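Trainee: If you want the building blocks of each chain, they are given just below.
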Amino acid sequence: MYKYIVKRILLMIPTLIGAAVLVFFLLRLIPGDICELRLAGTGLYADPAEIELCRNNLGLNDHILVQFADFVMGFLIFDLGDSMWTGKPITFEIGLRFQLSLQVAFMATFVAVIISIPLGVISAVKQDTWIDYVVRSFSILGIAIPSFWLGIMIILGLLIFTQHWLGEPWMPPIEYVSPLEDLGGNLAQLIWPAVATGYRYSAVATRMTRSALLEVLREDYIRTARAKGLLEKIVINRHALKNSLLPVVTVIGIEFAFLMGGLVVTEQVFNLNGLGKLFVESVLNNDYSLTQALVMIVVAVFVFTNLVVDLFYAWLDPRIRYS
Amino acid sequence: MRNVYSKLALSFALGTGLALGAVGTAGPAHAVKKGGILNFVVGSKIPSYDLHRETTFGVIHPIRPLYSLLIRVNPENPSSPTDFVCDLCEGSVPKGTDGFKKYTFKIRTGVKFHDGTPLTSADIVATYQKIIFPPEGVPSARKAFFKMVDSVTAPDATTVVFKLKFPSGAFIPAVATPFNIVYSKKDLDKHGFNWHKKNINGTGPFTFVQHQPGSFVEGKRYDGYHHKGKPYLDGYKAIAAPKMAIRLQAIRGDRAAIEFRGFPPKARDDLVKALGDKITVQESDWNCALFYTPNQKRKPFNDARVKKALSLAVDRWGGSKYLQRIAIVKTVGGVVFPKHPLAATKAELLKLTGYATDMKASRAQAKKLLAEAGAGDLKLDFSNRGVDQPYKVVGTWLVGQWKKVGITAKQRVQPSGPFYATLRKSSDFDISIDFNCQSVINPIADVSKFLGSAGNNYGNYKDQVLEDLYDKLLRAGTESEQRSIMRKFETRALSDEAHMGVTLWWYKINPHRSYVKGWKIAPSHYLNQHLDNVWLDR
Numbered sequence: 001m002y003k004y005i006v007k008r009i010l011l012m013i014p015t016l017i018g019a020a021v022l023v024f025f026l027l028r029l030i031p032g033d034i035c036e037l038r039l040a041g042t043g044l045y046a047d048p049a050e051i052e053l054c055r056n057n058l059g060l061n062d063h064i065l066v067q068f069a070d071f072v073m074g075f076l077i078f079d080l081g082d083s084m085w086t087g088k089p090i091t092f093e094i095g096l097r098f099q100l101s102l103q104v105a106f107m108a109t110f111v112a113v114i115i116s117i118p119l120g121v122i123s124a125v126k127q128d129t130w131i132d133y134v135v136r137s138f139s140i141l142g143i144a145i146p147s148f149w150l151g152i153m154i155i156l157g158l159l160i161f162t163q164h165w166l167g168e169p170w171m172p173p174i175e176y177v178s179p180l181e182d183l184g185g186n187l188a189q190l191i192w193p194a195v196a197t198g199y200r201y202s203a204v205a206t207r208m209t210r211s212a213l214l215e216v217l218r219e220d221y222i223r224t225a226r227a228k229g230l231l232e233k234i235v236i237n238r239h240a241l242k243n244s245l246l247p248v249v250t251v252i253g254i255e256f257a258f259l260m261g262g263l264v265v266t267e268q269v270f271n272l273n274g275l276g277k278l279f280v281e282s283v284l285n286n287d288y289s290l291t292q293a294l295v296m297i298v299v300a301v302f303v304f305t306n307l308v309v310d311l312f313y314a315w316l317d318p319r320i321r322y323s
Numbered sequence: 001m002r003n004v005y006s007k008l009a010l011s012f013a014l015g016t017g018l019a020l021g022a023v024g025t026a027g028p029a030h031a032v033k034k035g036g037i038l039n040f041v042v043g044s045k046i047p048s049y050d051l052h053r054e055t056t057f058g059v060i061h062p063i064r065p066l067y068s069l070l071i072r073v074n075p076e077n078p079s080s081p082t083d084f085v086c087d088l089c090e091g092s093v094p095k096g097t098d099g100f101k102k103y104t105f106k107i108r109t110g111v112k113f114h115d116g117t118p119l120t121s122a123d124i125v126a127t128y129q130k131i132i133f134p135p136e137g138v139p140s141a142r143k144a145f146f147k148m149v150d151s152v153t154a155p156d157a158t159t160v161v162f163k164l165k166f167p168s169g170a171f172i173p174a175v176a177t178p179f180n181i182v183y184s185k186k187d188l189d190k191h192g193f194n195w196h197k198k199n200i201n202g203t204g205p206f207t208f209v210q211h212q213p214g215s216f217v218e219g220k221r222y223d224g225y226h227h228k229g230k231p232y233l234d235g236y237k238a239i240a241a242p243k244m245a246i247r248l249q250a251i252r253g254d255r256a257a258i259e260f261r262g263f264p265p266k267a268r269d270d271l272v273k274a275l276g277d278k279i280t281v282q283e284s285d286w287n288c289a290l291f292y293t294p295n296q297k298r299k300p301f302n303d304a305r306v307k308k309a310l311s312l313a314v315d316r317w318g319g320s321k322y323l324q325r326i327a328i329v330k331t332v333g334g335v336v337f338p339k340h341p342l343a344a345t346k347a348e349l350l351k352l353t354g355y356a357t358d359m360k361a362s363r364a365q366a367k368k369l370l371a372e373a374g375a376g377d378l379k380l381d382f383s384n385r386g387v388d389q390p391y392k393v394v395g396t397w398l399v400g401q402w403k404k405v406g407i408t409a410k411q412r413v414q415p416s417g418p419f420y421a422t423l424r425k426s427s428d429f430d431i432s433i434d435f436n437c438q439s440v441i442n443p444i445a446d447v448s449k450f451l452g453s454a455g456n457n458y459g460n461y462k463d464q465v466l467e468d469l470y471d472k473l474l475r476a477g478t479e480s481e482q483r484s485i486m487r488k489f490e491t492r493a494l495s496d497e498a499h500m501g502v503t504l505w506w507y508k509i510n511p512h513r514s515y516v517k518g519w520k521i522a523p524s525h526y527l528n529q530h531l532d533n534v535w536l537d538r
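If you read the sequences in order, they're chains A and B. Each residue of the first sequence is one higher than the one before, starting from 1 at the first, in our numbering. Each residue of the second sequence is one higher than the one before, starting from 1 at the first, in our numbering.
By construction, these hints were calculated from the structure, which means they are not laboratory data. Note that this is a predicted model, so its numbers are computed, not measured. Be aware that one or more of the hints could be misleading.
[As the list claims (entries may be wrong)] When the alpha-carbon atoms are kept at most 20 Å apart in a straight line, the in silico EDC-like pairs for lysine to aspartate or glutamate are as follows:
{"no.": "1", "chain 1": "B", "residue 1": "K425", "chain 2": "A", "residue 2": "D62"}
{"no.": "2", "chain 1": "B", "residue 1": "K243", "chain 2": "A", "residue 2": "E281"}
{"no.": "3", "chain 1": "B", "residue 1": "K45", "chain 2": "A", "residue 2": "D82"}
{"no.": "4", "chain 1": "B", "residue 1": "K273", "chain 2": "A", "residue 2": "E168"}
Using the sequences plus the hints, can you model the full thing?
Mentor: Right under this line is the structure:
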């Protein structure tokens, strides 16, 4: 098992290097630069000398290989540098948003898991009954409806219904409060995006749970368990479910990693100050240093999540670690 | 010299007490109620706190209330382009002496920075030295506004003297620019010129509490504020909300009371429909205009016949009627901010190419000109900015207008970064959307954009006739002389050569919660944002 983990960790290094090279050079192919945007983007007159000075100050006039060397060196010593847009340390910019993104990812995963596993199991056990059809319709709807659209509907619904019932429209808070400061305020803001995202996420996981469980339920050892006279509950919970969870764990892991940086539109809809929103802003601002750091962090999260999923596989299925 | 005096006196007189078309008001006079926190939403981001180097309203709205200016637009009459009042100076805004080449400001006494340091004239001098004569390597976005300034000195602790190289009516409006916030000399000396990027110490009505980047800026009432009795609010929170839908819903759901930039008409109508008299709407002409700029480096866009045809195809009056329902544009105008005394009247506009009301005749003439120029089936690449309001709306409208005379325009919409690279660097376009958006209204300075030699002109043309007219405009002494030359300038720029096309001027619509009182709309989203006169009626 130890060798397996070391091997997996070593495999992370070329992935990270490849991502670093790609992100650095691809970003520089985008036309325009941050100084043009910052000084001329509002339509006010911008002195070309000021734009040039801005480029010099940000190191954009340095040779591209010098810039690349700075980026790689910084990454190696864990110094991500400063955001070109705000001038603040990137670790500070990301740290602020990371907590929110992590909380939303956990809450959405929680929503997804508590919906998907029971529904997937029920749907498989009650295959081809009206219950199965209802669950399948529910999950197909979840896949079909984009999270951001559901988010917009949730906000509009809250505004309309609260105005109708309470006389004054209510919507979730639009600025983040830490759960340690105000748990109620925090949940009032984040529960809605967690539901909007978790629903789509659960739909994928429900379908995966159902199909995996159906496959396992047809295995010989399940037939044997039933022939032994075991209760159906025990057959499902002890023998079938654990073995059917492998693909479900993969889906949950990948979705979780995706949520950490990929909630771009949902974050905009709910005005969440998360990593997805920061990502979009940094790209739109041509903020190379911040975009590079964010891409590398998302890559690292994906690579790490994959590692965790692989380890979980090994725990679920001993044959994997022995091979 | 008498002419110069008349000209400068005129510059002050122009538009004083001028109604610029502000439609709404903040409501009838009430007894001011003190207290409360004003929550407002901001649709842009904060690059740094140093307004001297920044240009976006994303910094003005959250940071300006923490600082003061030497002079400012009159908060009680912000729609006037020439009504300036003292903020940190005392009495009224000084008139120039020594042939309008010397301006002496008396500085208020007893003013303290938020850290307790007393304000003196040395702080004003240090601030303007940083803005006008920044040391090498220190950016100053509006240095060019002060080309006329020779020196800034402080003969004593309460006096600041600006000496100009030549008389200029553009000087006082430049001083009133809301980005010229006053810093403490002590901070500049002790911490250097980059300290204000990340730190705040002003004399404004509010003190800095916190900034959560990407989320909000919070300020609280400064009890030592120099305008006695103000501010009325206990504090404010400027909440970042890049998406317009969120800003709109935030006002509807009362998470925010106001957004100071402006909403499109549909958003206003939705809010009014949903909330009735709980919403007050203030509207004004906006000192921003969208243009289209043909790239005259490319054929046939260097041919006046083609440029005229492009303008003749555009139905501005009809466009205004319909576009004002869906976009933040409304007013038909020429090169000068509409309703300013130097702006063209409707009768004068109608004489310009592309401003006639008989579109059938205009378009027939456009087709004829295109045929004469050998461009009967003109196909062009039209570069536009990927921002809905009003760029994409107006851009799409222009494509339709040109199609009516047989011009096929392929609209290429790009995000702001690539769009600017195309416009400013590569000039890789046949026609591009362009715009001018200023804070303090200063027509003589603003129309310089139409000069081929201007740094913010992207048409790639040289027109000495226009340059000479502008030179005369700068020296014109009377209003009638200025108007007369401005008309010639306008005719040359928009009709004879049709270097650029003015589409429609923007229209600012600010629906806000009715309990917000005291704030008056200005013709720019950069102006009147100190919030010291805002109060909450609840």
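Trainee: Which hint numbers does the structure go against, in order from smallest to largest?
Mentor: none
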